[in-house]
Amino acid sequence: MSDLRPGQSIFTRGAVDLGALAARNQAAQSAAAQQQAAPAASQAGGPGNGGFPGAPAGGGVVVDVTEANVQDEVLQRSMTTPVVVAFLAPGYPEVQQLADALAQFNAADGGSWVLARVDVQADPRLAAMFRVQSVPTVYAVVGGQPIDAFAGPVPAAQLRQWLDAVLRAGGVEVAVPEDPRLEAADEALIMGDLDEAERAYRKILSDSPKDAAAEAGLAHVVLAKRVAGVDPQAAVAAADAAPDDVAAQLKAADIEVLAGQAEQAYRRLVELVRRVYGDDREAVRQHLVSLFAVAGPDDPAVATARRALASALF
198 MSDLRPGQSI FTRGAVDLGA LAARNQAAQS AAAQQQAAPA ASQAGGPGNG GFPGAPAGGG
258 VVVDVTEANV QDEVLQRSMT TPVVVAFLAP GYPEVQQLAD ALAQFNAADG GSWVLARVDV
318 QADPRLAAMF RVQSVPTVYA VVGGQPIDAF AGPVPAAQLR QWLDAVLRAG GVEVAVPEDP
378 RLEAADEALI MGDLDEAERA YRKILSDSPK DAAAEAGLAH VVLAKRVAGV DPQAAVAAAD
438 AAPDDVAAQL KAADIEVLAG QAEQAYRRLV ELVRRVYGDD REAVRQHLVS LFAVAGPDDP
498 AVATARRALA SALF
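End of the sequence shown = 511 in my numbering, gap-free, step of one.
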(Lines of atoms letter the chains of each structure in order from A; the text may use other names.)
(Lines give C-alpha, C1' and ligand atoms only; values in the text may rest on other atoms or scores of the structure.)
Protein backbone atom coordinates (compact mmCIF):
# COMPACT_ATOMS: atom_id res chain seq x y z
CA MET A 198 0.00 0.00 0.00
CA SER A 199 2.44 2.62 -1.22
CA ASP A 200 0.19 5.58 -0.45
CA LEU A 201 0.64 4.93 3.27
CA ARG A 202 4.32 5.66 3.41
CA PRO A 203 5.66 8.98 4.70
CA GLY A 204 9.16 8.09 3.58
CA GLN A 205 10.99 4.94 2.64
CA SER A 206 8.94 2.18 4.23
CA ILE A 207 10.73 -0.76 5.81
CA PHE A 208 7.63 -2.90 5.56
CA THR A 209 7.67 -5.94 3.30
CA ARG A 210 4.47 -7.96 3.16
CA GLY A 211 5.01 -11.32 4.84
CA ALA A 212 7.98 -10.11 6.91
CA VAL A 213 5.92 -10.38 10.09
CA ASP A 214 3.90 -13.57 10.58
CA LEU A 215 1.21 -12.48 13.01
CA GLY A 216 -0.48 -15.85 12.77
CA ALA A 217 2.62 -17.51 14.17
CA LEU A 218 2.83 -14.77 16.74
CA ALA A 219 -0.71 -15.53 17.90
CA ALA A 220 0.02 -19.26 18.12
CA ARG A 221 3.13 -18.61 20.16
CA ASN A 222 1.22 -16.27 22.42
CA GLN A 223 -1.43 -18.92 23.13
CA ALA A 224 1.32 -21.18 24.43
CA ALA A 225 2.02 -18.54 27.07
CA GLN A 226 -1.60 -18.40 28.24
CA SER A 227 -0.78 -18.31 31.93
CA ALA A 228 1.58 -15.37 31.49
CA ALA A 229 -1.07 -13.54 29.50
CA ALA A 230 -3.63 -14.11 32.25
CA GLN A 231 -1.28 -12.60 34.81
CA GLN A 232 -0.68 -9.61 32.58
CA GLN A 233 -4.40 -9.05 32.07
CA ALA A 234 -4.96 -9.06 35.82
CA ALA A 235 -3.36 -5.60 35.90
CA PRO A 236 -5.12 -3.42 33.29
CA ALA A 237 -2.77 -2.87 30.40
CA ALA A 238 -4.79 -0.19 28.69
CA SER A 239 -4.77 3.37 29.92
CA GLN A 240 -5.87 6.73 28.66
CA ALA A 241 -3.01 8.78 27.31
CA GLY A 242 -1.06 10.34 30.14
CA GLY A 243 -2.43 7.98 32.80
CA PRO A 244 -0.57 5.37 34.84
CA GLY A 245 1.09 2.43 33.14
CA ASN A 246 2.66 4.42 30.33
CA GLY A 247 5.59 2.04 30.08
CA GLY A 248 8.27 4.68 30.67
CA PHE A 249 7.00 7.15 28.08
CA PRO A 250 5.74 10.20 29.99
CA GLY A 251 4.29 13.34 28.51
CA ALA A 252 1.30 11.89 26.62
CA PRO A 253 -1.58 14.39 26.75
CA ALA A 254 -4.89 13.53 28.34
CA GLY A 255 -7.81 13.25 25.97
CA GLY A 256 -10.16 10.86 24.25
CA GLY A 257 -7.53 8.61 22.69
CA VAL A 258 -6.71 5.00 23.48
CA VAL A 259 -3.12 4.15 24.43
CA VAL A 260 -2.06 0.65 25.50
CA ASP A 261 1.29 -0.68 26.60
CA VAL A 262 1.99 -3.96 24.87
CA THR A 263 4.18 -6.90 25.86
CA GLU A 264 4.67 -10.36 24.46
CA ALA A 265 2.03 -11.57 26.92
CA ASN A 266 -0.82 -9.31 25.81
CA VAL A 267 0.04 -8.62 22.15
CA GLN A 268 -2.62 -11.01 20.90
CA ASP A 269 -5.44 -9.20 22.68
CA GLU A 270 -4.16 -5.65 22.44
CA VAL A 271 -2.91 -5.75 18.85
CA LEU A 272 -4.29 -8.72 16.91
CA GLN A 273 -7.81 -8.79 18.36
CA ARG A 274 -8.23 -5.03 18.58
CA SER A 275 -7.09 -4.60 14.97
CA MET A 276 -10.03 -6.71 13.77
CA THR A 277 -12.33 -3.77 14.56
CA THR A 278 -10.04 -0.76 15.01
CA PRO A 279 -6.75 0.16 13.31
CA VAL A 280 -3.80 -0.35 15.67
CA VAL A 281 -0.54 1.57 15.39
CA VAL A 282 2.27 -0.32 17.13
CA ALA A 283 5.17 1.92 18.13
CA PHE A 284 8.45 0.26 19.14
CA LEU A 285 10.16 2.74 21.43
CA ALA A 286 13.01 3.03 23.92
CA PRO A 287 13.06 5.55 26.80
CA GLY A 288 15.89 8.00 27.03
CA TYR A 289 16.24 9.02 23.38
CA PRO A 290 14.94 12.51 22.48
CA GLU A 291 13.96 11.58 18.91
CA VAL A 292 12.06 8.54 20.19
CA GLN A 293 10.25 10.58 22.83
CA GLN A 294 9.36 13.20 20.23
CA LEU A 295 7.69 10.61 18.01
CA ALA A 296 5.97 9.01 21.02
CA ASP A 297 4.55 12.39 22.03
CA ALA A 298 3.39 13.16 18.47
CA LEU A 299 1.65 9.79 18.20
CA ALA A 300 -0.06 10.30 21.56
CA GLN A 301 -1.20 13.79 20.61
CA PHE A 302 -2.66 12.63 17.30
CA ASN A 303 -4.28 9.66 19.05
CA ALA A 304 -5.96 11.94 21.58
CA ALA A 305 -7.09 14.32 18.84
CA ASP A 306 -8.60 11.44 16.84
CA GLY A 307 -10.72 10.40 19.81
CA GLY A 308 -10.33 6.64 19.77
CA SER A 309 -10.60 6.03 16.03
CA TRP A 310 -7.33 4.09 16.30
CA VAL A 311 -5.32 2.48 19.06
CA LEU A 312 -1.76 3.47 19.92
CA ALA A 313 0.07 0.35 21.13
CA ARG A 314 3.48 1.13 22.63
CA VAL A 315 6.25 -1.41 23.05
CA ASP A 316 9.34 -0.78 25.16
CA VAL A 317 11.98 -2.70 23.20
CA GLN A 318 14.37 -2.64 26.17
CA ALA A 319 11.81 -4.31 28.42
CA ASP A 320 10.49 -6.71 25.76
CA PRO A 321 13.19 -7.38 23.16
CA ARG A 322 11.61 -10.70 22.08
CA LEU A 323 8.47 -8.91 20.89
CA ALA A 324 10.62 -6.45 18.95
CA ALA A 325 12.43 -9.42 17.40
CA MET A 326 9.12 -11.01 16.39
CA PHE A 327 8.32 -7.83 14.44
CA ARG A 328 11.87 -7.78 13.04
CA VAL A 329 12.55 -4.35 14.49
CA GLN A 330 16.10 -3.26 13.73
CA SER A 331 16.04 0.29 15.07
CA VAL A 332 13.93 2.61 17.20
CA PRO A 333 11.60 4.21 16.68
CA THR A 334 9.82 1.76 14.38
CA VAL A 335 6.08 2.02 13.80
CA TYR A 336 3.74 -0.61 12.34
CA ALA A 337 0.11 -0.24 11.24
CA VAL A 338 -2.03 -3.34 11.84
CA VAL A 339 -5.50 -3.63 10.31
CA GLY A 340 -7.68 -6.74 10.30
CA GLY A 341 -5.03 -8.78 12.04
CA GLN A 342 -2.38 -8.03 9.40
CA PRO A 343 0.41 -5.46 9.19
CA ILE A 344 -0.25 -3.12 6.27
CA ASP A 345 2.71 -0.77 6.46
CA ALA A 346 5.55 0.47 8.65
CA PHE A 347 8.33 3.00 8.84
CA ALA A 348 11.51 3.41 10.84
CA GLY A 349 12.99 6.58 12.28
CA PRO A 350 11.46 9.92 13.24
CA VAL A 351 9.29 11.71 10.67
CA PRO A 352 7.93 15.27 10.54
CA ALA A 353 4.54 15.76 12.16
CA ALA A 354 2.88 16.62 8.83
CA GLN A 355 4.07 13.38 7.24
CA LEU A 356 3.06 11.41 10.30
CA ARG A 357 -0.44 12.90 10.07
CA GLN A 358 -0.69 11.90 6.41
CA TRP A 359 0.48 8.38 7.21
CA LEU A 360 -2.05 8.01 10.04
CA ASP A 361 -4.86 9.29 7.80
CA ALA A 362 -3.94 6.69 5.19
CA VAL A 363 -3.95 3.97 7.87
CA LEU A 364 -7.41 5.10 9.00
CA ARG A 365 -8.73 5.02 5.43
CA ALA A 366 -7.28 1.53 5.00
CA GLY A 367 -9.16 0.54 8.15
CA GLY A 368 -12.45 1.92 6.83
CA VAL A 369 -12.42 5.06 8.98
CA GLU A 370 -13.68 8.24 7.36
CA VAL A 371 -11.00 10.94 7.41
CA ALA A 372 -11.82 14.62 7.10
CA VAL A 373 -9.89 16.37 4.34
CA PRO A 374 -8.07 19.41 5.76
CA GLU A 375 -8.58 22.79 4.13
CA ASP A 376 -5.83 23.89 1.79
CA PRO A 377 -4.52 27.24 3.12
CA ARG A 378 -3.74 28.31 -0.45
CA LEU A 379 -7.38 27.76 -1.38
CA GLU A 380 -8.54 29.69 1.67
CA ALA A 381 -6.34 32.62 0.64
CA ALA A 382 -7.67 32.52 -2.92
CA ASP A 383 -11.26 32.38 -1.69
CA GLU A 384 -10.58 35.31 0.62
CA ALA A 385 -9.23 37.39 -2.27
CA LEU A 386 -12.35 36.55 -4.30
CA ILE A 387 -14.65 37.51 -1.43
CA MET A 388 -12.80 40.81 -0.97
CA GLY A 389 -13.18 41.56 -4.68
CA ASP A 390 -9.47 41.34 -5.54
CA LEU A 391 -10.12 39.40 -8.72
CA ASP A 392 -6.59 39.63 -10.09
CA GLU A 393 -5.06 38.22 -6.90
CA ALA A 394 -7.74 35.53 -6.70
CA GLU A 395 -7.05 34.52 -10.31
CA ARG A 396 -3.31 34.30 -9.68
CA ALA A 397 -3.88 32.20 -6.57
CA TYR A 398 -6.30 29.78 -8.24
CA ARG A 399 -4.04 29.38 -11.27
CA LYS A 400 -1.06 28.64 -9.00
CA ILE A 401 -3.03 25.89 -7.25
CA LEU A 402 -4.05 24.42 -10.61
CA SER A 403 -0.46 24.50 -11.86
CA ASP A 404 0.45 22.28 -8.90
CA SER A 405 -2.77 20.23 -8.84
CA PRO A 406 -4.47 20.37 -12.27
CA LYS A 407 -7.50 18.36 -11.11
CA ASP A 408 -8.30 20.46 -8.02
CA ALA A 409 -12.08 20.87 -8.41
CA ALA A 410 -12.36 23.66 -5.83
CA ALA A 411 -9.67 25.73 -7.56
CA GLU A 412 -11.30 25.10 -10.94
CA ALA A 413 -14.62 26.36 -9.59
CA GLY A 414 -12.94 29.37 -7.99
CA LEU A 415 -11.17 30.31 -11.21
CA ALA A 416 -14.41 29.96 -13.18
CA HIS A 417 -16.07 32.27 -10.66
CA VAL A 418 -13.30 34.85 -11.14
CA VAL A 419 -13.63 34.71 -14.93
CA LEU A 420 -17.38 35.14 -14.60
CA ALA A 421 -17.04 38.08 -12.22
CA LYS A 422 -14.60 39.82 -14.57
CA ARG A 423 -16.95 39.23 -17.48
CA VAL A 424 -19.78 41.20 -15.87
CA ALA A 425 -17.70 43.88 -14.15
CA GLY A 426 -19.41 47.24 -14.60
CA VAL A 427 -22.63 45.73 -15.97
CA ASP A 428 -25.97 46.97 -14.57
CA PRO A 429 -27.63 43.69 -13.48
CA GLN A 430 -31.25 44.84 -13.76
CA ALA A 431 -30.71 46.46 -17.14
CA ALA A 432 -28.90 43.39 -18.49
CA VAL A 433 -31.66 40.98 -17.50
CA ALA A 434 -34.37 43.34 -18.78
CA ALA A 435 -32.58 43.65 -22.14
CA ALA A 436 -32.37 39.87 -22.45
CA ASP A 437 -36.02 39.40 -21.60
CA ALA A 438 -36.94 41.95 -24.26
CA ALA A 439 -34.84 40.21 -26.96
CA PRO A 440 -35.03 36.46 -26.38
CA ASP A 441 -33.03 35.60 -29.51
CA ASP A 442 -30.21 38.10 -28.90
CA VAL A 443 -27.39 35.71 -28.06
CA ALA A 444 -25.05 38.27 -26.48
CA ALA A 445 -27.84 39.64 -24.28
CA GLN A 446 -28.88 36.15 -23.17
CA LEU A 447 -25.30 35.18 -22.26
CA LYS A 448 -24.85 38.33 -20.22
CA ALA A 449 -28.16 37.80 -18.42
CA ALA A 450 -27.21 34.23 -17.59
CA ASP A 451 -23.92 35.45 -16.10
CA ILE A 452 -25.79 37.91 -13.91
CA GLU A 453 -28.23 35.25 -12.75
CA VAL A 454 -25.47 32.83 -11.74
CA LEU A 455 -23.73 35.50 -9.69
CA ALA A 456 -27.07 36.41 -8.11
CA GLY A 457 -27.59 32.82 -6.93
CA GLN A 458 -30.14 32.02 -9.63
CA ALA A 459 -28.07 29.41 -11.44
CA GLU A 460 -30.97 27.12 -12.32
CA GLN A 461 -32.76 30.01 -14.02
CA ALA A 462 -29.58 30.85 -15.94
CA TYR A 463 -29.18 27.25 -17.06
CA ARG A 464 -32.79 27.11 -18.29
CA ARG A 465 -32.32 30.39 -20.15
CA LEU A 466 -29.36 29.06 -22.11
CA VAL A 467 -30.75 25.58 -22.70
CA GLU A 468 -33.84 27.15 -24.27
CA LEU A 469 -31.57 29.39 -26.34
CA VAL A 470 -29.71 26.32 -27.62
CA ARG A 471 -33.03 24.99 -28.87
CA ARG A 472 -33.65 28.18 -30.89
CA VAL A 473 -30.27 28.89 -32.48
CA TYR A 474 -28.01 26.99 -34.85
CA GLY A 475 -24.47 26.79 -36.17
CA ASP A 476 -21.81 28.94 -34.54
CA ASP A 477 -24.35 30.61 -32.26
CA ARG A 478 -25.45 27.28 -30.85
CA GLU A 479 -21.85 26.25 -30.18
CA ALA A 480 -21.12 29.59 -28.50
CA VAL A 481 -24.11 29.19 -26.21
CA ARG A 482 -23.17 25.61 -25.40
CA GLN A 483 -19.61 26.56 -24.47
CA HIS A 484 -20.84 29.47 -22.37
CA LEU A 485 -23.24 27.22 -20.49
CA VAL A 486 -20.48 24.69 -19.80
CA SER A 487 -18.33 27.51 -18.40
CA LEU A 488 -21.15 28.36 -16.00
CA PHE A 489 -21.34 24.72 -14.89
CA ALA A 490 -17.70 25.00 -13.79
CA VAL A 491 -18.61 27.72 -11.29
CA ALA A 492 -20.83 25.30 -9.37
CA GLY A 493 -18.70 22.21 -9.80
CA PRO A 494 -19.61 18.79 -11.23
CA ASP A 495 -21.37 17.49 -8.10
CA ASP A 496 -24.07 20.15 -8.04
CA PRO A 497 -27.48 18.47 -8.66
CA ALA A 498 -28.66 21.49 -10.67
CA VAL A 499 -25.67 21.07 -13.00
CA ALA A 500 -26.50 17.39 -13.53
CA THR A 501 -30.09 18.29 -14.40
CA ALA A 502 -29.00 21.07 -16.75
CA ARG A 503 -26.48 18.81 -18.48
CA ARG A 504 -29.24 16.32 -19.27
CA ALA A 505 -31.43 19.14 -20.58
CA LEU A 506 -28.57 20.43 -22.71
CA ALA A 507 -27.94 17.00 -24.19
CA SER A 508 -31.63 16.74 -25.05
CA ALA A 509 -31.60 20.17 -26.67
CA LEU A 510 -28.54 19.34 -28.76
CA PHE A 511 -29.62 15.93 -29.94
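Any given hint could be a false lead.
Said to hold, decoys possible - Quick list of in silico lysine to aspartate or glutamate cross-link-like pairs, EDC-like style, CA-CA up to 16 Å:
(1) Lys422 with Glu380
(2) Lys422 with Glu468
(3) Lys422 with Asp390
Stated by the list, open to error - Beta-carbon label-pair distances, calculated as ranges:
(4) Ala439 with Val369: 15 to 25 Å
(5) Arg328 with Pro377: 19 to 29 Å
(6) Pro321 with Glu380: 26 to 36 Å
(7) Glu393 with Ser508: 38 to 48 Å
(8) Arg365 with Ala439: 14 to 24 Å
(9) Ser508 with Gln461: 44 to 54 Å
(10) Ile387 with Gln461: 21 to 31 Å
(11) Val371 with Asp495: 28 to 38 Å
(12) Pro352 with Glu479: 47 to 57 Å
The hints are simulated quantities; they were obtained by calculation from the structure and are not laboratory data.
Cβ atoms here follow ideal geometry from the backbone N, Cα and C, with glycine treated the same way.
Report task. Run the structure past the numbered hints and jot down the numbers of the failing ones, going up. Result -> Of the numbered hints given earlier, those the structure breaks are 1, 2, 4, 5, 6, 8, 9, 11, listed in rising order.
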